[in-house]
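There are 2 protein chains.
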Amino acid sequence: MITLNRAYNFNAGPSALPLPVLQLAQEELVNFKNTGMSVMELSHRSKEFEDVLTHAKETLTELLNIPDTHEILFLQGGASLQFSMIPMNFLAPDQVGAYVLTGAWSEKALKEAKKLGKTAVVASTKEENYRSIPSLDDIKLPKEEIGYLHITSNNTIFGTQWADYPSIEGVDLIADMSSDILCRQIDVSKFSLIYAGAQKNLGPSGVTVVILKKELLKRIPEGLPTMLNYETHVKSNSLYNTPPTFGIYMLSLVLDWIKEQGGVKAIEAQNHKKAKLLYTSMERSNGFYTPHATEESRSIMNVTFTLPTDELTAVFLQQAKEKGFVGLAGHRSIGGCRASIYNAVPLEACEALAAFMDEFAQANA
Amino acid sequence: MITLNRAYNFNAGPSALPLPVLQLAQEELVNFKNTGMSVMELSHRSKEFEDVLTHAKETLTELLNIPDTHEILFLQGGASLQFSMIPMNFLAPDQVGAYVLTGAWSEKALKEAKKLGKTAVVASTKEENYRSIPSLDDIKLPKEEIGYLHITSNNTIFGTQWADYPSIEGVDLIADMSSDILCRQIDVSKFSLIYAGAQKNLGPSGVTVVILKKELLKRIPEGLPTMLNYETHVKSNSLYNTPPTFGIYMLSLVLDWIKEQGGVKAIEAQNHKKAKLLYTSMERSNGFYTPHATEESRSIMNVTFTLPTDELTAVFLQQAKEKGFVGLAGHRSIGGCRASIYNAVPLEACEALAAFMDEFAQANA
Ligand SMILES: Cc1ncc(COP(=O)(O)O)c(C=O)c1O
Ligand SMILES: Cc1ncc(COP(=O)(O)O)c(C=O)c1O
Ligand SMILES: [Mg+2]
Ligand SMILES: [Mg+2]
Ligand SMILES: [Mg+2]
Ligand SMILES: [Mg+2]
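Chains as they are written, first to last, in this note's numbering: chain V, 663 to 1027; chain R, 663 to 1027.
Don't take every hint at face value.
No distinction is drawn between identical chains; accordingly, a pair holds when it is met within one copy or between any pair of copies.
Derived lysine-lysine pairs resembling PhoX-like cross-links, with alpha carbons at most 20 angstroms apart [stated by the list, open to error]:
#1 LYS875 x LYS897
#2 LYS695 x LYS985
#3 LYS897 x LYS880
#4 LYS709 x LYS897
#5 LYS695 x LYS709
#6 LYS897 x LYS770
#7 LYS897 x LYS773
Hints in this document: simulated from the structure, not taken from any laboratory. Here the structure is a predicted model, which means the values were calculated and not measured.
With the sequences and hints as input, model every part of the structure.
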C-alpha cells in the first residue's frame, strides 16, 4: 500500500504525480519559503519566482544533459499549439515539412502544418492501425528542400514508441515527446526541437516544455505574432508575458524528484520493469489479452491491449474500477484498454494491475 | 492581523489570492474529494474535472449575469495571445480594427493587430502620459468598415480605468479586462468579447477567461490554426486539448469566494472603500504624494502615485518592504509607486498601507 486512499492512477494525462511532490506542494501552498505568500501569489518578476524558473531549467539541463546549443522554454497552449508554431516558425514557402505518421497525434501535427505550408508524409503505419513504428529505412524524403522532419516519439493512444530515432544529415529533427520525455536517456543534440505538454511526465497541465536548438532561431520569418515566435520566449527567458507560474513550480519539484530517484537512467530502468510486468501478464494469458503494439514498437509509457470481446472489456474495466484502478479505458478513438505508466506511476501500482490482469484472465478465459 | 506570516501583497499580477481559497486548495491538494488523486492528477475528461469546469462556468455566469448569447472559454497563452487571436478571428481584410490607446497594454494589443490587418487609433491619451481615459466624444471612428472597437478597461500600469464604456451602434466592442474583471458590475451584453488573464482578479496565472458573443463566431475565416480559432474552444467546451486544469480549479474556488462575499456588488463596494483609503491618504499629504491618474479616470484596482523625488521614492519602497508590504514599486516603464488592490487584497492591507503612507509623509514632507 502506497498510502491510505491513494488511487492506482493510470490516466493518460493529466496523470499521476509523485506523492512526495504533492505533499511538498501542499506543505508550502499557503506560505512559500516564508514569503507570506503562496507561490501562486508571487510576481513572475520576483527574485523568488526567478529562482524557481532557474532551478527548473538547471535541473532539466542536468537530467537530460542538454547541451549549450539548446535553450529551454516554458510555454502555454499545450503540445497542440506547438503543432502550429513549428511550421509558422520553421517552414519556409519553398520548403516541405516532412512528417512521419505513427498515430493520432502525428496526424494532428500534420493537419496544422498543412494549413501553413507544404508537407509530405515520409512514412506511415496508418494502414496497419498504427501497431508499429516504421523502420528507419522506410523513411523516404521528398526531393524538395526539407524544412524539418517531425516525429511523435511515443504514441499515447496506440501505445507505440520509437526505439531508434532517425538521424538524417542536414535535416532538422523535431519530436513531440509529450508522452515520453524523461522516460529514458536520449541524446538531445540529435534534435533541433523537442516539445512536450507537461501533463504526463513533467507536472500538471498548462505548461509546455520546448527544448530548441538556438541555431534554428535564424530561420524564423518576420512578422509573426509575438507570442507565436519562439525568439520572443528565448529572448525573455520565458517571461515575455505572465507564465503559468504554479505549473513551472510543480514541474521543478517533479524534476527534483526524478533526480532523487537516481536521474533518468534509474527512472528508465524502473520504467522497463513496470512495463515488463504488464506485457508479461499479457504473455502469460495465452491470448486472452492482445497487445495492440508489435513487440519491437511497444511503448514503456502507454501499454495498450484488447480482450477477446467488447463485453469482457466492459467487465474488466468495471471490476478494475471497483478495485481502485483509474484510467484504464482505451482512448475513445480505438477502444480496448490502456495503462499509462508514466514516471510517477509507482511499481506497486503496476504489480497490482498485473496481479489483477492475471486473476481476471484466469476467471474469464 | 489577517493571519500569522501573511504578507501585505500589492503585486500587480500574479497577485494576492483569498486566504480561504488557498487554505481549501491546500486541504484537498493531495486527495481531491476522496478520489485518491490530486485535482492535478484527474483526467480532464473525467466526471470530477468536468464538474469543476461546469461549476466555474455557472458561477461566473451568475456573478457577471452573463446572458445566453455569450459563451465562456478558458484558454491558455495569457491576455497577450488574445491580442493576436482577436484580429485573426475578427478582422477581415476589408475592415479596420479600431483601437483606443489608454496605456501600454492597449499599445501592445494594437501592435499585434497591425501585423494582421488594417488598424486605426480612434482615441489616445498617450500625449498626456496616459493619465486619463478619453471622453466618449473623443472617439472618432474612421469611415471604413470597423471590425471591432478595442479598449483596455483598466490600465494596470498607469492606474486608470474607464468609468463609462463606449457603446456605438453596430460596432462590436472588445475589452481587455485583465486587471479589473469582476471588480464591479458590468453589463456583459454590451460587449462582443471580454478577455482577462486570470492572474489578477480570477486566480493563478496560466488561464485566460474569454466571454464571447456567439454571433461573432460567424465571422471567423477559414483555415486558421485550430488552437487559435475561438470556434474550436466553443465547440469543445474548452476541452479541445488539455486545459490548465489546476488553474481552472483555483479560479472556480475564487469565484465561490466572491459569491460568499456577497457577489460583485458587495466586492465593488469593498473595492471603492479600499481605493478611497489610499487616494484619501494622498489628498491628506498636501502634495507629498501625487496620483498619476486624473481624478475622473482613477482606477480602483491599481493605485499609482509618485513622491517628490526619486530618492524619497526609493526610501519609501525600502521602508515599505521592511514593514512587509510587497509589490509597491511602479512598473519599470514609468517608475514611481503602484498599489494593486485587486479583489483578494483585504481591506486591512489597504488600511495598513494608508497608515504607513501617512506616517511616511509626515516624517519626510
Ligand atoms: C503525443 C501527444 N502529443 C500531443 C498531445 C496534445 O497535448 P496538449 O493537450 O497539451 O495539447 C498529446 C496529449 O495527450 C499527446 O499525447
Ligand atoms: C491590462 C492587461 N492586459 C494584458 C496583460 C498581459 O497579460 P498576460 O501576461 O496574461 O499575457 C496584462 C498583464 O499585466 C494587463 O494588465
Ligand atoms: Mg498542456
Ligand atoms: Mg497516438
Ligand atoms: Mg496568463
Ligand atoms: Mg497600462
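Now for the hints, and whether the structure bears them out:
| no. | hint | result |
| --- | --- | --- |
| 1 | LYS875 x LYS897 | within (14 angstroms within a copy, 36 angstroms between copies) |
| 2 | LYS695 x LYS985 | between (39 angstroms within a copy, 18 angstroms between copies) |
| 3 | LYS897 x LYS880 | within (13 angstroms within a copy, 37 angstroms between copies) |
| 4 | LYS709 x LYS897 | within (18 angstroms within a copy, 41 angstroms between copies) |
| 5 | LYS695 x LYS709 | within (12 angstroms within a copy, 35 angstroms between copies) |
| 6 | LYS897 x LYS770 | between (29 angstroms within a copy, 17 angstroms between copies) |
| 7 | LYS897 x LYS773 | between (29 angstroms within a copy, 18 angstroms between copies) |
This entry satisfies every hint, going by the numbered hints stated previously.
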